[in-house]
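*Asks:* Here is how the chains run, residue by residue.
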Amino acid sequence: MEDREFDLCMSRLKEGDKEALHEIYTALGSYIYHFVLGILRSKEDAEDITSEFFIRLWRNADKYKPGNGYKTYITTIARNMAIDHLRSKGRESLIEDIFPQKFEDSDVYNTEDMITAGTNTGAVGVLSGSDTGGDDNGSGPDVTANEAVGKVAMEEALSKLKPPEPQIIHMKFALDMTFAEIAEVLKIPMGTVTWKYREAIGKLRRCGYAF
Amino acid sequence: MPSDFTKEYKNYIESETPDLWSRIEAGIEAEEKPQSEKNGTTEVITFDDATYVNQTKNKKIIRWGVFAKRAGSLAAAIALVFVAYSFVKVMNKGGMQSAPAASESTAPMADSASAYEAEEAPVAEAAADDAADNSFDGAAAAEAPAAMAEDAEASMPEEAAEAPAEAPAAEAEEGMENAVNNKDAANSASAQLAPDYSRGESAKAEIYKDAVLTDMTELAPHERTNSPAGDQYKFGLTFKAGDEVISCLISEAELKSYAENGIHFKKNASYDIAVILREDHEQTQSAYPYVLKLVSDAEN
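Chains as they are written, first to last, in this note's numbering: chain Y, 1 to 211; chain A, 212 to 511.
Bound-form chain Y, shown alone:
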């Protein structure tokens, strides 16, 4: 959803147009749900917070100021709601686990190795490989099986990421946010965001994904 579309929907929301809220929900519901799920780690809680998010959006539509980009706005609010929910449940210790501020020793790379590795793997793009063109994944009775396999593969790949990598990947790929916006939401330096993003991409590539 583009900024302009969101601003238009919000102005319709102020007039009481419920259909506008439905459009926003259709475009962003899955993004918000999975974002708060990453923080809360409970599907029930994530459903509660996601529902509450859109109810509040409806309730406070007149307080929204258009023209400043909506992605940071909604992500920050969703994050704050999720963290407030955690605090109210007395699970504050989880916050540090989700957003660690220090690098672990295993994250320290030798500079020359980083540059060499970057040179060897090449620029961003599809990994080189044969294109047989023979696989047909788009139709037939194997679609459900393929979807199931894809889901398992995705979950396994995502399980290899360490916080805040899943949040960064989610904001980057689900909502196409910039690194600056992600840094603003997570309240960490942009250098850390790009660093963690690169690490996450490397892990996902090793799981067989192309970017």
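No wet-lab data here; the hints were simulated from the structure.
Errors might be hidden in some of the hints.
[Unchecked claim] Some but not every residue of chain Y turned toward chain A, in silico, with C-beta under 8 Å:
#: 1; residue: Tyr-25
#: 2; residue: Ser-30
#: 3; residue: Trp-58
#: 4; residue: Thr-144
#: 5; residue: Asn-146
#: 6; residue: Ala-148
#: 7; residue: Phe-173
#: 8; residue: Arg-206
#: 9; residue: Tyr-209
#: 10; residue: Ala-210
#: 11; residue: Phe-211
[Claimed, not checked] So the derived list for chain Y, only partly shown, Cβ under 10 Å to chain A, looks like this:
#: 12; residue: Leu-8
#: 13; residue: Glu-52
#: 14; residue: Ala-145
#: 15; residue: His-170
#: 16; residue: Leu-204
[Claimed, not checked] In silico negatives: residues of chain A with every beta carbon more than 10 Å from chain Y:
#: 17; residue: Ser-214
#: 18; residue: Lys-221
#: 19; residue: Asn-222
#: 20; residue: Tyr-223
#: 21; residue: Leu-231
#: 22; residue: Ile-235
#: 23; residue: Trp-275
#: 24; residue: Gly-276
#: 25; residue: Phe-278
#: 26; residue: Ala-279
#: 27; residue: Gly-283
#: 28; residue: Ser-284
#: 29; residue: Leu-285
#: 30; residue: Leu-291
#: 31; residue: Ser-438
#: 32; residue: Glu-463
Backbone N, C-alpha and C define an ideal beta-carbon position, used for all residues, glycine too.
Use these hints to put chain A onto chain Y, whose structure you have.
*Replies:* Okay, now just chain A, sitting in the frame of chain Y:
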């Protein structure tokens, strides 16, 4: 064959999301019921021979406070623009003698604009933090720009504080336009050394914004260890070359070694980044004495 992650990820999150719309709708309807009782209602009083309509009206409330805050913010913003324009003009007159001719008039402007942005960023960030913490609280969000304006006004030098508000809006706009045009000119002069750099407002990071390598170029301390010899830092170096983001963590000793030995970071780009020691580091005794400089291929 590798799978396209973007497409697969979007499909995954779509398929794993429960349908919450009916729940959201029910929540809204539950809120709307008591709300309708608070609004103005039409009460019909029926007598034997006549029907009277007694209608309560909602008074339109003019929020003078909000207007005043917004007017104050606007005036402060215009004053800030005027100050930035004056600063840029002064920088232009002084200039950097060692810089190549083409970049002399552009790099200081670009860096001044960068410095202006750097100064604005923490204030805006603090304001954004306040707004975010208050979730949907519009009143707090409205106060944030006003607070921002107050902070910006307090930090201005006295002579600038006295400057208009009355400054013509056209002049301020012209100054902004010049800054933007000069920044574009800086972009086009990317093959030249830019000797100046901008300092982060927090004084914790020396950030060199390079036109070619985008604003992701950053050298910032990430870790501090106390030792008998004093604080030891590890720095995160991030820059983008082409489509790829290069990030690495290097110790202060390594940085110093690179600076002394003139080692450059090079990655499939037409430009190197050289880590050098600031010329005035002995005078400033800064804990972060390193800056990044752009070195073109022609210089190597």
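*Asks:* Taking the shortest Cβ-to-Cβ distance between Asn-222/A and chain Y, state whether it exceeds 10 Å.
*Replies:* violated (7 Å)
*Asks:* Would the non-interface assignment of Ser-214/A survive a Cβ cutoff of 10 Å against chain Y?
*Replies:* Answer for Ser-214/A: violated, closest chain Y Cβ roughly 6 Å.
*Asks:* Could you check that no beta carbon of chain Y comes within 10 Å of the beta carbon of Glu-463/A?
*Replies:* The assertion about Glu-463/A holds, with a minimum of 13 Å to chain Y.
*Asks:* Please check whether the beta-carbon of Ala-279/A is more than 10 Å away from every beta-carbon in chain Y.
*Replies:* The claim stands: Ala-279/A keeps its Cβ more than 10 Å from every Cβ of chain Y (closest is about 17 Å).
*Asks:* Looking at Ile-235/A again, its CB stays over 10 Å from all of chain Y?
*Replies:* At about 5 Å from chain Y, Ile-235/A fails to clear the 10 Å cut-off, so the statement is violated.
*Asks:* Double-check Glu-52/Y for me: the hint is only fine if its C-beta lies closer than 10 Å to a C-beta in chain A.
*Replies:* Nearest chain A Cβ about 8 Å off; hint holds.
*Asks:* Taking the least C-beta to C-beta distance, is Thr-144/Y closer than 8 Å to chain A?
*Replies:* violated (11 Å)
*Asks:* Does the nearest C-beta of chain A fall within a distance shorter than 8 Å of the C-beta of Ser-30/Y?
*Replies:* holds (4 Å)
*Asks:* Going by Cβ atoms only, is Leu-8/Y closer than 10 Å to chain A?
*Replies:* violated (19 Å)
*Asks:* Are all C-beta atoms of chain Y more than 10 Å from that of Ser-284/A?
*Replies:* holds (12 Å)
*Asks:* For the hint on Phe-173/Y, just tell me whether its beta-carbon gets within less than 8 Å of chain A.
*Replies:* Result: holds, 5 Å to nearest chain A Cβ.
*Asks:* Is Lys-221/A truly not at the interface, in the sense that its beta carbon sits beyond 10 Å from all beta carbons of chain Y?
*Replies:* violated (7 Å)
Checked against the numbered hints above, the structure breaks hints 4, 5, 6, 8, 12, 14, 17, 18, 19, 20, 21, 22 and satisfies the rest.
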